[in-house]
Amino acid sequence: MKVERAPRIALRTVALAYLFVLLLVPVGLILFRTFENGIGAFWDQVTTPASISAMALTLEIVAIVVPLNVVFGIFVALALVRGRFRGRGFMQAIVDLPFAVSPVIVGVSLVLLWGVNGWFGGLAEVGIRVIFSLPGMVLATLFVTLPFVVREVEPVLHEIGDEQEQAAATLGANGWQTFWRITLPSIRWGLAYGVVLTVARALGEFGAVSVVSNGVSGQSETLTLLVANRFEDLNLFGSYAAATVLMGFALVALVLMTVFERRSTRA
Amino acid sequence: MPRPATDAVGGAGGPGPSLPPSAPVARRRSRRAVGGVGPLGLGVATLWLSLIVLLPLAAVLVSSLEGGLAGFWDAVSSPPAQRALKLTLTVSAVVTVINAVMGTLIAWVLVRDEFRGKAIVNALIDLPFALPTIVASIVLLALIGANSPIGLDLVATHWAIGIALLFVTLPFVVRSVQPVMLELDRDAEQAAASLGASNATIFRRIVLPALAPALISGAGLAFARAVGEYGSVVLVSGNTPRNQVASQYIADRIETDQPAAAAAMSVTLLLITFAVLLVLRVVAHRRTSREG
Numbered sequence: 001m002k003v004e005r006a007p008r009i010a011l012r013t014v015a016l017a018y019l020f021v022l023l024l025v026p027v028g029l030i031l032f033r034t035f036e037n038g039i040g041a042f043w044d045q046v047t048t049p050a051s052i053s054a055m056a057l058t059l060e061i062v063a064i065v066v067p068l069n070v071v072f073g074i075f076v077a078l079a080l081v082r083g084r085f086r087g088r089g090f091m092q093a094i095v096d097l098p099f100a101v102s103p104v105i106v107g108v109s110l111v112l113l114w115g116v117n118g119w120f121g122g123l124a125e126v127g128i129r130v131i132f133s134l135p136g137m138v139l140a141t142l143f144v145t146l147p148f149v150v151r152e153v154e155p156v157l158h159e160i161g162d163e164q165e166q167a168a169a170t171l172g173a174n175g176w177q178t179f180w181r182i183t184l185p186s187i188r189w190g191l192a193y194g195v196v197l198t199v200a201r202a203l204g205e206f207g208a209v210s211v212v213s214n215g216v217s218g219q220s221e222t223l224t225l226l227v228a229n230r231f232e233d234l235n236l237f238g239s240y241a242a243a244t245v246l247m248g249f250a251l252v253a254l255v256l257m258t259v260f261e262r263r264s265t266r267a
Numbered sequence: 268m269p270r271p272a273t274d275a276v277g278g279a280g281g282p283g284p285s286l287p288p289s290a291p292v293a294r295r296r297s298r299r300a301v302g303g304v305g306p307l308g309l310g311v312a313t314l315w316l317s318l319i320v321l322l323p324l325a326a327v328l329v330s331s332l333e334g335g336l337a338g339f340w341d342a343v344s345s346p347p348a349q350r351a352l353k354l355t356l357t358v359s360a361v362v363t364v365i366n367a368v369m370g371t372l373i374a375w376v377l378v379r380d381e382f383r384g385k386a387i388v389n390a391l392i393d394l395p396f397a398l399p400t401i402v403a404s405i406v407l408l409a410l411i412g413a414n415s416p417i418g419l420d421l422v423a424t425h426w427a428i429g430i431a432l433l434f435v436t437l438p439f440v441v442r443s444v445q446p447v448m449l450e451l452d453r454d455a456e457q458a459a460a461s462l463g464a465s466n467a468t469i470f471r472r473i474v475l476p477a478l479a480p481a482l483i484s485g486a487g488l489a490f491a492r493a494v495g496e497y498g499s500v501v502l503v504s505g506n507t508p509r510n511q512v513a514s515q516y517i518a519d520r521i522e523t524d525q526p527a528a529a530a531a532m533s534v535t536l537l538l539i540t541f542a543v544l545l546v547l548r549v550v551a552h553r554r555t556s557r558e559g
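In order, the protein sequence lines correspond to chains A and B.
So for the first sequence, the numbering used here puts the first residue at 1; every next one is plus one.
So for the second sequence, the numbering used here puts the first residue at 268; every next one is plus one.
Just chain A, with the same shape it has in the complex (with noise of 0.2 Å):
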């Protein structure tokens, strides 16, 4: 198919023009606004109390979620790649469930399950608030970012067999030393990129997390409720500037995954 060259201009424009419209104006627009009154404008709405504080409890948040899927996402890829169990199809269907669940569903089933009047209700009653609180924040974010560690490190260690891991524990390495000096070093840069995902999503999470918080300023507001809350109380300028902040996040994340993506097609 040799399409001349004035339709060829034609449809490029369309597409570029679909995209200037639809990306590129919005995005600026608001980094414009953003530091349209100088830099230090922004300084001072990113560094508010409240902003300050919503930035430490999604730090927290994030500081807590990611160890625990790398723990158990590595649990989760070895039985699903080692391990011959029945029900390895079901196990399978259940780590992509994440992904098709909508955010909202996620932070409702939280609520029916942990909230007062849920199947663990009784745990408020001894003291432990999970919805509302920071348990719960943690849990939807868990939720939601189940998958990545699992679905990097799964194909890594598809390929990378257990030849060597067998030649160890035949040499007299316990499964400890097997794990730590052999299958965590292969499977490292397919690690670092599903910890880039989680991290990139427990930032920017928002539907989960604003149905589990009550999303108070200074206590329970993550930086994307800062976002919202900000809005709706007329603080658009501020409302821009901690979106500027999710941005730069974002950035630095897309950055990371290219260098990481790199790194383990290489090796």
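In case anyone wonders, no lab produced these hints; they're calculated from the structure.
Glycine residues also receive a C-beta, built at the ideal position from the N, C-alpha and C atoms.
No false leads were slipped in.
Pairwise CB distance ranges (calculated): (1) B:Ser556 - A:Asn214: 50 to 60 Å; (2) B:Arg453 - A:Gly172: 53 to 63 Å; (3) A:Ala167 - B:Gln457: 44 to 54 Å.
Based on the hints, put chain B in the right spot on chain A.
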């Protein structure tokens, strides 16, 4: 893996060094030690998945059926629920069609066209996946909100919801069609052209059929995402009862303490999503089995 030098010299396909006689013993012992997936590891994995994913979803399912099937039906068929569901499905369907057309066009331009800055445009496609949904929402608000630079105040209209969904679902079709287009066999196109077929005919009879599976898969994923989307819609839809997507309806019900209604709509959305994903899997399976 490095092979022994003799093997490389001694010709390809030669048998590797034979295993020492003790290998079966070592193998049996190692199977227990390798990777730590004994019954304990398997138990940990199962427990983790159950606690984080399965139990919450089971709670939704049970809550939606608390009033029996009749209660479920009443909750889903109430006028506000119907309105939200209808709006969600209609806008998602329109968005999916636009995605199919524009996504294929963008993929075509990225593969077959040459221009300066193409690599940047290519990288830009992933932007909606990288941005948090609430950022997408506030970003679009700058374009179509009250302070719109193009004088286009669409907030609290169906259009606003559609644009938000177009933004977050943009990469699906492009990223699924693009690799197939790269691999496309151009000989058939040239043969058709030399036989006098017009570009339109070539596209319809040769290019489109080859792209169809990838296009269907990308469009299906975009639809599944659009149906459940919340964050990007939340600031631009106005969230009035008249202009509420299904996910907003669910959030609204749980906030006003009507868990049964929230659960029923959640299960409905999940069923729609699973049905779409199931169809995609069947289509993909059919294709691979036909090729095999």
